[in-house]
Amino acid sequence: MTWTMRVDWPSCAARGLCAELLPERIHLDEWGFPVVEGTVTPDLLGLAKAAATACPHRALRLVSAG
Amino acid sequence: MSLPSIDLSGPLLWFANRGTGIVLLVLYTAVVLLGILSATGRGPGRFVPRFVTQGLHRNLALLATVLLAAHVTTAVVDTYVDIRWFDAFLPVGGLYRPLYLGMGALSLDLLLAIGVSSLLRSRISERVWRRIHLLAYVSWGVAVIHTLGIGTDAGSPWGRWTVLSCVAAVVVAVAGRAVARRVQVVRS
Amino acid sequence: MSGAVLASVTSFPGAGAGAPVAPSAPAATVRRSLSARSVPRTVRTDPPAQVVATPGPVLLSGVLDGPSLEAHRDRFGQLPQLDLDTVLATVGAGAVVGRGGAGFPFARKLAAAATGRRRAVVVINLAEGEPASAKDTALALVAPHQILDGAEVVARALRTTEVHIVTPLERPAVGDAIAAALSERAAQPGRRDRSQPRWRMRAAEPGFVSGQARAVLELLAGRPGLPVTAWKPEAMSGLDGRPTLLSNAETWAQVAAVLRMGALGYAAHGTDTEPGTTLLTLPHRRDADTAVVLEAAYGTPWVDVLGPDVEQPVLLGGFHGTWADAGVLAEATVSREELRARGLGLGAGVVLPMRADQCPVAVTSEIVDYLAKASARRCGPCLNGLPALAEEMRLVALGETSASWTRIGELVGLVDKRGACAHPDGTARLVRSLLTTFDDEVALHLRGGCSR
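Protein chains in written order, with numbering that gives the first Met the number 0: chain S, 0 to 65; chain Z, 0 to 187; chain F, 0 to 451.
So that you can see chain S by itself, here it is in the shape it has in the complex (with noise of 0.2 Å):
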């Protein structure tokens, strides 16, 4: 089973905590807004899950990739 991380843009606020939490798969954009790229292998998905916590917005989640 894949994941990927999605981003619920009208609810993100940009605090950044997610690319703090997992800068291997995001990055912030020039307005702070994260970058998803690729996919959360299974080794990274306890952080993932971590950064879906973290956000204070609620905005990111882990879903199913394909």
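Treat the hints as calculated values from the structure; they're not laboratory data. Be aware that a few hints might be false.
Below are the DSS-like pairs computed for lysine-lysine, each with C-alpha atoms no more than 25 Å apart in a straight line [unchecked claim]: (1) F:K231 to F:K416; (2) F:K416 to F:K372; (3) F:K416 to S:K48; (4) S:K48 to F:K231.
Guided by the hints, dock chains Z and F onto chain S, whose structure is given.
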């Protein structure tokens, strides 16, 4: 061998209650400040990563819950003053300093709501969670009044200084957040 | 082309983007150029004041009969009573795809809505947010009962009576025409049966994004009609979490046509792989306030549709569309597949050939500027990225050498697929298409020139 006994009407419980009380005020002030800090501004934290600030906010709140249980227990078990178990949860009907005791109960009730809603966050809508969480300001404010009204040490110089610092810190933080918000809206 | 000139479809004065929602994040620092010049306006960003519908082979075959229910029944017969399996098989065999721009197979949507556990909701999306498009408007004014028939047959097959119709507030004639058609249907004699649809009309606020599917569902739910993130397709979970079959007005009319004629009858038009017809909107050659809507069977050569204009650069698919270089369409036919193979798209059928005074670079700049202002302002990348992109495009169009190809590419990459709806995606598609198709024009502009 006889077990050590605690004199339930002696000063030990009373000191424990006062001690936990003041520490709780400082702790909850820190929790509120950390909450404001982790939710203001954008991008990664400048000195400390945001997830650390956020984690500290959550963990201090958990620690405070344990201390709160101790604070309530020492008050109830102490036979010198008539405080019953339900007085810790019911804001009215107390026998000892009912107004300020009731404030403590109110503060605790609000904290319960905040705690439960946070545990069930994935099951409730974000808007509902946020509204309940904002009650933290009310809970904290009521706790300050509880401290001033019923706190034995609130009258002492160091007590007064502590309460004042806590209030000042929160006022400054809230003002800072309001300014930051306005700057955001103006710039966009 | 003889046609029926319709009543004017007046715009509201000052109609523009919907009420802005205060964003929670600040805008970017936009790079300012020393010049405050703006690109001259050559593109119309208001809906047309008048629409002309020309008679066509299927949907527009009754244009000259008038929009009445009587004329409709005389020409097309009674409403077919079909069960769900028959409907599914027929629309599947007829390969009916959505006409709202995405081209999604209708049969798949219907199947998804039908397998939901809760009772489905049917929505007719008439909120034609694209200013240059008038095909849904034309259908509403000329053949409303085709749209309503399609929705009614499917609603009955889904065993639901809840049918919503969303009309555009800035084209009041559409709402009036639908209301009139609904009263005609309500006035029908005969005992009332319980499976009759309970039609509900709603007007969508003016705005480019207000016709987006989720924005429409938000409006129906009583919230502001702006896009939100969809975690599941609306056919699975839409209004109130119920399976919601939302389709464009023309799609419903095409569904009615294929159910009426049967898949074989429908396939008499079009090609083997693309049966049927599609509605196209073109600007009137002599009157800038008028749009012409015509019906073309798939496989029709573009020369037949465009005449001499086929030698001009053409913007296909509206403001979120793609550029066809001058003369490219001369060898092509009206076919989604063929266009896709060439990197182009039909979208919602808006066809904009360039006039002699229009330069594709400047036109793209005007459109991107409009699209930036039309953002719902709910998503950070769109709210920040589109104005920055509009500013870069303005610099390119004006031939100011401070513009940068890399910067445009960067911004296009930053807005694409980073929003709750496809508004930034469509804008990115338009700019990318300009950069690929007219790379030499763009290069010329970056050096300060223009070939037109």
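Exercise for review: Sort out which numbered hints this structure fails and list those numbers smallest first.
Suggested key: none
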